[in-house]
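Novice: Going line by line, the protein sequences match chains A and B. No gaps in the numbering here: position 286 of the first sequence is 285 in numbering that gives the first Met the number 0, and each next residue is one more. No gaps in the numbering here: position 214 of the second sequence is 213 in numbering that gives the first Met the number 0, and each next residue is one more.
Simulated from the structure, these hints should not be mistaken for lab results. Worth double-checking, as some hints may not be accurate.
To be verified - Quick partial rundown of chain A residues pointing at chain B, CB under 8 Å, derived from the structure: (1) Tyr141; (2) Leu146; (3) Met154; (4) Ile157; (5) Gly253; (6) Leu293; (7) Cys295; (8) Asn302; (9) Leu304.
Said to hold, decoys possible - Quick partial rundown of chain B residues pointing at chain A, CB under 7 Å, derived from the structure: (10) Val8; (11) Asn12; (12) Ile25; (13) Ala29; (14) Ala32; (15) Val120; (16) Leu123; (17) Leu124; (18) Leu208; (19) Ala212; (20) Phe237; (21) Pro242; (22) Ile243; (23) Ala245; (24) Ile252; (25) Leu257.
For clarity, every value in this text was computed on a predicted model and none was experimentally measured. No residue lacks a Cβ here, since even glycine has one placed at the ideal position from N, Cα and C.
Chain by chain, the residues:
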Amino acid sequence: MKKFIVNRLAQMLIVFITVSIFSFSIIYFSPGDPLYLYTSPAKSSYKMTDEQMDAMREELGLNGNVIERYLNWAGNMLKGDWGMSVSNHQPVKDQIMDKLPNTIGLMGAALVLSVLAAIPLGLLAGYYKNRWIDNIISGISYLGISLPAFWFGIMMIIVFSLHLGLFPSAGMRTVGVTSAADVIRHAILPVIVLSVNNTAVFVRYIRSNTIEQMEEEYVTTAVSKGVPRVQVMKNHVLKNCLLPIITMVGMNFGTLITGSFIVESVFGWPGLGTLCMSAVNSRDYTMIMGITMLACTVLLIGNFLADVLYGFADPRIKQGKEKSNG
Amino acid sequence: MDKKAMKKVFLSNKMAVVCTILVLLIVLAAILAPLSPYDPDASNVAEKMQGISSKHLLGTDDIGRDTLTRTIYGGRVSLIVGFASMCVAVIVGTFIGTISGYMGGMVDVILMRIVDIFMSVPSLLFIIAIYAFLPRNMFSLVGMLAFFSWTKVARVVRAQTLTLKERDFIIAAKSLGVSRGTIIRTHIIPNLMPQIIVSASLSIANAILDESALSFLGYGVQLPMASWGSMLQTAQKFILHNPIMAVAPGVMILATVLCFNVLGDILQQILDPKLIK
Numbered sequence: 000m001k002k003f004i005v006n007r008l009a010q011m012l013i014v015f016i017t018v019s020i021f022s023f024s025i026i027y028f029s030p031g032d033p034l035y036l037y038t039s040p041a042k043s044s045y046k047m048t049d050e051q052m053d054a055m056r057e058e059l060g061l062n063g064n065v066i067e068r069y070l071n072w073a074g075n076m077l078k079g080d081w082g083m084s085v086s087n088h089q090p091v092k093d094q095i096m097d098k099l100p101n102t103i104g105l106m107g108a109a110l111v112l113s114v115l116a117a118i119p120l121g122l123l124a125g126y127y128k129n130r131w132i133d134n135i136i137s138g139i140s141y142l143g144i145s146l147p148a149f150w151f152g153i154m155m156i157i158v159f160s161l162h163l164g165l166f167p168s169a170g171m172r173t174v175g176v177t178s179a180a181d182v183i184r185h186a187i188l189p190v191i192v193l194s195v196n197n198t199a200v201f202v203r204y205i206r207s208n209t210i211e212q213m214e215e216e217y218v219t220t221a222v223s224k225g226v227p228r229v230q231v232m233k234n235h236v237l238k239n240c241l242l243p244i245i246t247m248v249g250m251n252f253g254t255l256i257t258g259s260f261i262v263e264s265v266f267g268w269p270g271l272g273t274l275c276m277s278a279v280n281s282r283d284y285t286m287i288m289g290i291t292m293l294a295c296t297v298l299l300i301g302n303f304l305a306d307v308l309y310g311f312a313d314p315r316i317k318q319g320k321e322k323s324n325g
Numbered sequence: 000m001d002k003k004a005m006k007k008v009f010l011s012n013k014m015a016v017v018c019t020i021l022v023l024l025i026v027l028a029a030i031l032a033p034l035s036p037y038d039p040d041a042s043n044v045a046e047k048m049q050g051i052s053s054k055h056l057l058g059t060d061d062i063g064r065d066t067l068t069r070t071i072y073g074g075r076v077s078l079i080v081g082f083a084s085m086c087v088a089v090i091v092g093t094f095i096g097t098i099s100g101y102m103g104g105m106v107d108v109i110l111m112r113i114v115d116i117f118m119s120v121p122s123l124l125f126i127i128a129i130y131a132f133l134p135r136n137m138f139s140l141v142g143m144l145a146f147f148s149w150t151k152v153a154r155v156v157r158a159q160t161l162t163l164k165e166r167d168f169i170i171a172a173k174s175l176g177v178s179r180g181t182i183i184r185t186h187i188i189p190n191l192m193p194q195i196i197v198s199a200s201l202s203i204a205n206a207i208l209d210e211s212a213l214s215f216l217g218y219g220v221q222l223p224m225a226s227w228g229s230m231l232q233t234a235q236k237f238i239l240h241n242p243i244m245a246v247a248p249g250v251m252i253l254a255t256v257l258c259f260n261v262l263g264d265i266l267q268q269i270l271d272p273k274l275i276k
């Protein structure tokens, strides 16, 4: 197990470094001056002198060739200094940390909702395979996989905010209100929209797993011994389905991250997604690097935890047989 | 299962037939788009923000463009982008997948580690981030979508190549001295066709979904050209007065993606009957 964790950590580190080099060089080799915000007449009426520009380049780490700049950036990153935002000269890290809890909250709530909704639906569909109940659940899960989240969000706003007036259509807080209930009221629609895609994926996964388990001999034995079906489902089938859910959650972490960015922009949720969009629009490259690397880290940690948890739960992997799928 | 039997199973599946017809209808509409009496991009302020009427079946948008016409033209962009990036992804994925699977050894290890790296980054976020630094046209859009989606094809193709290369006819060809390139070209790839078609179908569905998300966020094709995603971006501002503007393109995305997903799944089940449950 120890060897497995060390291996995975090393692999993560390689991925992380490769991704950072890749993003950094794309930004470096892209045409245009990162300081165009300050030089383009359309963006700023104030004309800076050459000395001021040089000083700013120095401050933002824009001097030197690509290797120097990358090493400089990476070194600072390791020391916890994520650089200054090109567009507003505030530390990138502070701005990101300010918004991070909002995004994590949204993602966490959506993930919990997906798992809680998918387990009963998947078990039901698998238990009644090819009967009407399964056809309905499977049909809806097909829809859920193909549904563009942002469009679903707009539809939810039209129905529940504009017509029924049940939930606010945008933002995270009502101005002047600080209660948690208010935040929850604002979060309900975004969380539902964000959870739909993952729920659909999870339902299909649990359904096929249930069907597989139901064909196992231990289920037949239990049923023929006279154990009530509900109990067989609860004690045997459900238990054996829970394990794969861990991997499934890990595998779908990426969808959750990009999904949350899209949902944030539909609902005006003040999170990392909104921050990222404005950074991209102003080509704030330090901010873009900060956010992509953070998202990448979250994804890698998610995958890693899923692997390790799965390893703890499944003794076959502890013995180092995880290579079989690579 | 031979091709004829496969065709029979496919045609006897009602869902498959319905989805195929729907896809063909959507493609046909996109091809015949110029038959519409309206210009998709020209504004007509006198008729702006109209509701459903016999003149404008789905009403008009904020500058008086016919929503139905724009939705059909938008389908052109979405379908072309989806189809083109699928083609690139399938070609690159098949190339890398067969090489990785057939060569094995160090080549395989390196190529698959690269695939792993691609799979462990949030792709849409990267596309958005990179897009800030690329010229915004259809070419780079297709390139970016393909760049992050060939890995799925490569994985499937590699796994299939691994089993194929142990088969007798490949071993026979090898012992007759046929070169690697020729074996891959004339023996392996033709036998991978069913799996490639499945990947292609799922890949189109993903590409259309991603393109619409990107266009919705403002990083897709540029105005005044419409794609389903960019229409939704405009429609979002007018949901209070003209919700039909937001409904039409979304339904089209959903229908197209759903059809390709269902088709991909049905084909996969036909190929691998063990999956039918």
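Novice: Of all the hints given earlier, name the ones this structure violates by number, lowest first.
Specialist: Hint check: 6, 9, 10, 11, 12, 13, 14, 20, 22 fail, others pass.
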